[in-house]
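With the hints as constraints, model all of the structure from the sequences given.
Number of protein chains: 2
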Amino acid sequence: MSGAEARPGETGFASVATAHFKDLQSRLCAAFEQFEPTSRFAARSWTKPQGHPLQGGGESRLMRGEVFEKVGVNVSHVHGVLAKEARGQVAGAPESDGRFVACGISLVAHMANPYVPAVHMNLRYLSTSRAWFGGGSDLTPTFAFDEDTVAFHAALRRACDAYRPGAYPEYKAWCDRYFYLPHRQEPRGVGGIFFDDLASPDPSADFAFVRGVGEALLSVFPQIVARRKDTPYDQAAREQQLVKRGRYVEFNLVYDRGTRFGFSTDADPDAYLMSLPPLVRW
Amino acid sequence: MSGAEARPGETGFASVATAHFKDLQSRLCAAFEQFEPTSRFAARSWTKPQGHPLQGGGESRLMRGEVFEKVGVNVSHVHGVLAKEARGQVAGAPESDGRFVACGISLVAHMANPYVPAVHMNLRYLSTSRAWFGGGSDLTPTFAFDEDTVAFHAALRRACDAYRPGAYPEYKAWCDRYFYLPHRQEPRGVGGIFFDDLASPDPSADFAFVRGVGEALLSVFPQIVARRKDTPYDQAAREQQLVKRGRYVEFNLVYDRGTRFGFSTDADPDAYLMSLPPLVRW
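Protein sequences, first through last, are from chains E and U. For the first sequence, our numbering begins at 356 and goes up steadily by one. For the second sequence, our numbering begins at 356 and goes up steadily by one.
Treat each hint with caution, since some may be false.
FRET-style restraints, in silico, Cβ to Cβ [to be verified]:
hint	chain 1	residue 1	chain 2	residue 2	range
1	U	Ser394	E	Gln405	53 to 63 Å
2	E	Val505	U	Arg395	43 to 53 Å
3	E	Arg539	U	Gln389	27 to 37 Å
4	U	Glu525	E	Lys439	29 to 39 Å
5	U	Arg615	E	Gly613	16 to 26 Å
6	U	Ser394	E	Arg612	38 to 48 Å
Hints listed in this document are in silico derivations from the structure and should not be mistaken for laboratory results. Ideal Cβ positions, reconstructed from N, Cα and C, are used throughout, including at glycine.
Listed below in structure tokens is the structure:
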């Protein structure tokens with residue numbers, strides 16, 4: 356997408372970002388389907404009914420496969436007026452009348468083979484009394500391989516370095532702080548990057564960075580999957596994976612802002628809970 | 356326990372209630388072990404280290420069996436000073452210096468056979484600037500049988516009727532309100548009773564009621580287990596049970612006060628998360 360196309364109109368970057376997220380969704384799903392002998396993504400489109408305080412809609416794509424045990428890639432684009440109770444959770448909303456536009460893409464993949472890490476990515480654009488981009492991506496292995504961790508971080512670092520010197524260590528540290536389970540005193544995974552409130556004087560630079568993060572994930576994660584998906588494993592490794600997934604559930608239901616924001620709205624639970632793993636043990 | 360023994364001393368009912376909860380724990384565990392050919396409860400005692408803002412300890416008992424796939428029966432008795440952040444969540448604490456005494460018993464059973472309901476019970480005593488009893492018990496079937504629901508509610512109703520006319524419908528309605536998943540627009544199970552802030556002029560009446568709820572559970576749940584545990588089931592029924600358990604996890608991690616209070620303290624996560632089911636599907 357060229358810089359010229361990325362100039363905002365009345366609704367800021369909402370339209371161009373949505374178009375980009377839809378395109379990225381298609382390319383991610385196509386890349387993941389390459390690993391599956393028969394499984395394909397099932398798409399579900401949704402639109403908020405007329406008269407609803409939220410307007411807009413989205414498309415949720417879900418695949419349950421042999422390599423990708425459960426993977427969701429969701430795009431949404433909504434606008435409307437935030438309920439009073441929800442405004443405190445959204446920057447720029449308490450100072451305004453609650454009107455907002457939001458669009459984003461969310462990806463969570465839980466893998467069948469315990470030696471393939473789970474991955475998460477979210478890219479989003481929000482506009483209230485002001486507008487900003489946010490997002491991030493992080494890796495959650497049950498058994499961490501340095502080779503995978505290094506490759507994943509290197510890809511994200513390249514996207515960060517192209518945006519701003521110093522961005523990578525800052526967003527990496529933010530990720531480590533965010534994806535941490537205080538009650539277990541352990542990190543969710545091996546990190547990645549997390550960023551929010553990107554509102555540069557030239558917002559098209561922020562948008563380019565967000566696109567770069569999506570491309571980084573698209574290039575690096577399939578390589579990791581290809582490297583690990585046929586690793587032999589026993590029942591004990593599988594059990595360990597199911598227990599690790601329990602920590603993922605604890606994080607998402609107890610702490611994750613996006614998930615908890617979902618609970619405070621009347622959004623579709625199947626959309627904001629698509630992050631939950633297919634099979635979990637406690 | 357006689358009325359004379361139940362007279363409070365300096366710490367109110369904490370000592371007598373703790374002694375009763377320990378006795379109830381032993382009898383519940385013994386009753387559940389009757390169903391198991393070989394599995395037995397494993398007990399884990401814990402004590403807060405000296406100098407810790409919380410003092411006291413407890414005993415967690417956990418069994419993973421053939422009939423009781425995962426069952427925890429925990430007793431704890433702690434005292435100390437509530438952290439400022441936690442005081443707002445505990446009645447009587449914001450008005451005081453944060454000193455409190457708490458004891459309680461918690462029981463959660465997830466059953467192997469999808470036709471046996473999961474069950475939960477909690478009985479507790481808290482003393483801050485004032486003192487009160489609370490608790491409840493509720494049933495969560497995947498496939499509800501009227502016979503079980505009726506027997507369960509009848510047992511709880513008898514305990515309520517012996518306490519105060521009108522208590523049962525009031526506590527039943529409180530349970531229905533509490534164990535509800537707004538984001539799914541569905542109840543967690545088929546209800547039971549829920550009560551809090553019992554602080555009668557004669558607190559020994561409240562304590563007798565709380566004991567009555569424990570006895571009701573002890574008498575009725577084994578009957579339900581005996582009736583359903585050998586019901587033949589197929590993989591589809593088991594899958595439905597695993598999905599239903601996902602709702603249980605969602606409720607406990609997102610809404611349950613006791614669980615969320617656990618996250619806000621540095622209590623042992625294995626204790627307050629013992630409620631989580633052994634195997635879950637989303």
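Now for the hints, and whether the structure bears them out:
1. Ser394/U to Gln405/E: 53 to 63 Å: 57 Å, holds
2. Val505/E to Arg395/U: 43 to 53 Å: Since the Cβ atoms of Val505/E and Arg395/U sit about 47 Å apart, the hinted range of 43 to 53 Å holds.
3. Arg539/E to Gln389/U: 27 to 37 Å: 35 Å, holds
4. Glu525/U to Lys439/E: 29 to 39 Å: 31 Å, holds
5. Arg615/U to Gly613/E: 16 to 26 Å: 18 Å, holds
6. Ser394/U to Arg612/E: 38 to 48 Å: Given about 41 Å between the Cβ atoms, the range holds.
Violated hints are absent here; each numbered hint is respected by the structure.
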